[in-house]
Amino acid sequence: MSELTPPMPLGPTLTLEDEAPRWGDFADTQPAPANTLSIAFTGSGSEYFRIWIVNLLLTLVTLGIYYPWAKVRRLRYFHGNTLVGGAPLGYHADPKKMLKGYLLVSVLLALYSGAGHFHAVAGLVAFVAVMLIWPALLKSSMQFRLANTSWRGLRFRFTGDLQGSYKAMIPLFLPALCLVVSLVFVPDRNKPPNWYLYVTMGVFAAIAVLGPWLFQRLKAYQHNHYVLASQHTRFTATTGMFYKLSFKVMGVYLAVMLVVGVLAAVVGVVLAIVGSARLAPLMQGYNEKSPWMIYAAMAAIFLFTMLTFVALIQPYIRTRMQNLVWNNTHSEDIQLVSRLKARSMLWLSIKNWVLVVCTLGLYWPFAAVARARMQLEAFSIASQISLDALVSQGRSTEGEAAGDAAGDLFGLDIGF
14 MSELTPPMPL GPTLTLEDEA PRWGDFADTQ PAPANTLSIA FTGSGSEYFR IWIVNLLLTL
74 VTLGIYYPWA KVRRLRYFHG NTLVGGAPLG YHADPKKMLK GYLLVSVLLA LYSGAGHFHA
134 VAGLVAFVAV MLIWPALLKS SMQFRLANTS WRGLRFRFTG DLQGSYKAMI PLFLPALCLV
194 VSLVFVPDRN KPPNWYLYVT MGVFAAIAVL GPWLFQRLKA YQHNHYVLAS QHTRFTATTG
254 MFYKLSFKVM GVYLAVMLVV GVLAAVVGVV LAIVGSARLA PLMQGYNEKS PWMIYAAMAA
314 IFLFTMLTFV ALIQPYIRTR MQNLVWNNTH SEDIQLVSRL KARSMLWLSI KNWVLVVCTL
374 GLYWPFAAVA RARMQLEAFS IASQISLDAL VSQGRSTEGE AAGDAAGDLF GLDIGF
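This note's numbering numbers the first residue of the sequence shown as 14 and each following residue consecutively.
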């Protein structure tokens with residue numbers, strides 16, 4: 014997860030997919046941009062390290078109670094070091110309000126988890142309750158996050174309604190609901206029948222097939238309702254674009270796994286040839302009473318696969334998703350363009366993970382700063398409206414917007 018949600022993108026409709034748009038593609042119908050704004054990130058790893066280590070220690074000491082304060086400190090640092098046209102973003106959330114929101118979500122999840130262990134029917138009831146409440150939490154979370162983010166004194170707003178949140182979120186729960194419902198009819202969870210295995214496989218297959226469509230619905234709900242002053246965003250990325258991206262990701266994943274598998278096989282053969290004499294006594298001593306070798310091998314394979322995904326596949330997904338989503342989010346007069354490169358993110362990811370492992374995790378804040386800088390500085394903004402005029406328009410509606418948001422905020426920021 015990135016450390017900072019990118020600044021609000023606004024601008025004319027795009028026709029391209031996941032790459033940066035070219036103004037020449039619609040120069041005939043749109044006037045030339047009056048302003049081109051750069052985005053710079055001025056944070057440093059050493060500065061953020063001090064914030065990170067204090068946040069980590071206080072969160073551990075307080076058993077998680079300090080987490081809202083830690084999150085506010087982190088977001089204020091990243092927002093304050095993100096300069097849009099030379100002006101920093103601001104983050105104004107109250108940690109006390111956020112604590113109430115986190116306690117509410119924690120109680121809901123604890124009740125669901127406890128009910129599931131108590132009885133399958135109770136788990137189903139709890140899951141349905143969470144499913145019905147979560148869209149409202151999403152709406153409040155987006156309102157809270159945007160209302161507490163500012164630029165040049167203007168507060169952002171989120172205008173999505175509750176009905177739209179339910180339409181976007183409920184389909185995301187349906188595959189999991191099928192599993193929970195079927196679990197009610199399983200007499201022994203330790204020995205589930207074969208049909209439950211088929212249901213599980215069908216649910217995962219449905220997620221794989223419907224995933225891009227479901228994700229597009231969620232992003233459309235979010236990115237269709239961002240507001241800054243007089244600018245209201247629209248989302249133009251289609252479901253087909255998300256499916257196309259998912260096929261690309263699948264192809265990259267298979268290619269990486271193929272290369273990794275070949276390299277692992279070559280290394281295994283070399284080690285077997287070179288060290289066969291040394292391995293023979295060890296293999297002779299292996300018997301059914303010492304299966305630790307199999308468990309260790311399985312754990313090593315799982316860990317290696319996860320590290321490969323995080324270090325090699327995730328940078329590609331993050332790059333293409335950022336370009337796809339934000340290049341297709343626009344308002345009437347402002348366009349934010351993302352030109353993040355997958356190759357650059359890949360090398361940065363490899364470097365970060367190597368240094369994080371070598372330093373036993375202490376390099377993590379430096380890695381977070383480097384990743385934020387690369388992601389944010391890949392953006393540029395072309396505006397067809399005077400920035401002073403935009404700020405002036407925003408001043409006239411700022412009081413009304415703040416009043417509307419304050420009535421529906423619960424201190425929630427659940428991280429979508």
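To be clear, the hints were calculated from the coordinates, so they are not data collected in a lab.
Worth double-checking, as some hints may not be accurate.
[Claimed, not checked] Pairs of lysine-lysine, DSS-like flavour, derived with a Cα cap of 27 Å: (1) Lys364 <-> Lys232; (2) Lys180 <-> Lys109; (3) Lys204 <-> Lys180; (4) Lys84 <-> Lys364; (5) Lys110 <-> Lys261; (6) Lys354 <-> Lys364; (7) Lys180 <-> Lys257; (8) Lys232 <-> Lys261; (9) Lys261 <-> Lys354; (10) Lys354 <-> Lys257; (11) Lys232 <-> Lys84.
[Stated by the list, open to error] Across the chosen pairs, the derived CB separations fall in these ranges: (12) Lys109 <-> Leu267: 47 to 55 Å; (13) Pro205 <-> Trp226: 40 to 48 Å; (14) Leu76 <-> Leu187: 50 to 58 Å; (15) Val138 <-> Tyr211: 22 to 30 Å.
C-beta: ideal position from N, C-alpha, C; glycine also.
A quick look at each hint next to the structure:
1. Between the alpha carbons of Lys364 and Lys232 the distance comes to roughly 30 Å, so the proposed pair goes past 27 Å and is violated.
2. Proximity of Lys180 to Lys109 is assessed by CA-CA distance (about 31 Å); at most 27 Å being required, the pair is judged violated.
3. Between Lys204 and Lys180 the alpha-carbon distance is near 36 Å, which puts this suggested pair outside the 27 Å criterion.
4. Between the alpha carbons of Lys84 and Lys364 the distance comes to roughly 26 Å, so the proposed pair stays at or under 27 Å and holds.
5. Restraint check for Lys110 and Lys261: not satisfied, since their Cα atoms lie roughly 41 Å apart, outside the 27 Å limit.
6. Restraint check: the Cα-Cα separation between Lys354 and Lys364 comes to about 16 Å, which is no more than 27 Å; the hinted pair holds.
7. Annotation: proposed proximity of Lys180 to Lys257 holds, straight-line Cα distance about 23 Å (limit 27 Å).
8. With a CA separation close to 19 Å, the supplied pair Lys232 and Lys261 stays within the 27 Å bound.
9. Restraint check for Lys261 and Lys354: satisfied, since their Cα atoms lie roughly 15 Å apart, inside the 27 Å limit.
10. Simply put, Lys354 and Lys257 have alpha-carbon atoms about 18 Å apart, close enough for the 27 Å limit, and the pair holds.
11. With a C-alpha separation of about 23 Å, the suggested pairing of Lys232 with Lys84 holds against the 27 Å cut-off.
12. Hint check: Lys109 to Leu267, Cβ distance near 48 Å, so the stated range 47 to 55 Å holds.
13. Remark: the range hint 40 to 48 Å for Pro205 to Trp226 is contradicted by a beta-carbon distance near 29 Å.
14. Against the hinted window of 50 to 58 Å, the Cβ-Cβ separation of Leu76 and Leu187 comes to about 35 Å, which falls outside the hint.
15. Between Val138 and Tyr211 the CB atoms are about 25 Å apart, so this pair conforms to the stated range of 22 to 30 Å.
Violation of the numbered hints given earlier is confined to hints 1, 2, 3, 5, 13, 14; the remaining hints are satisfied by the structure.
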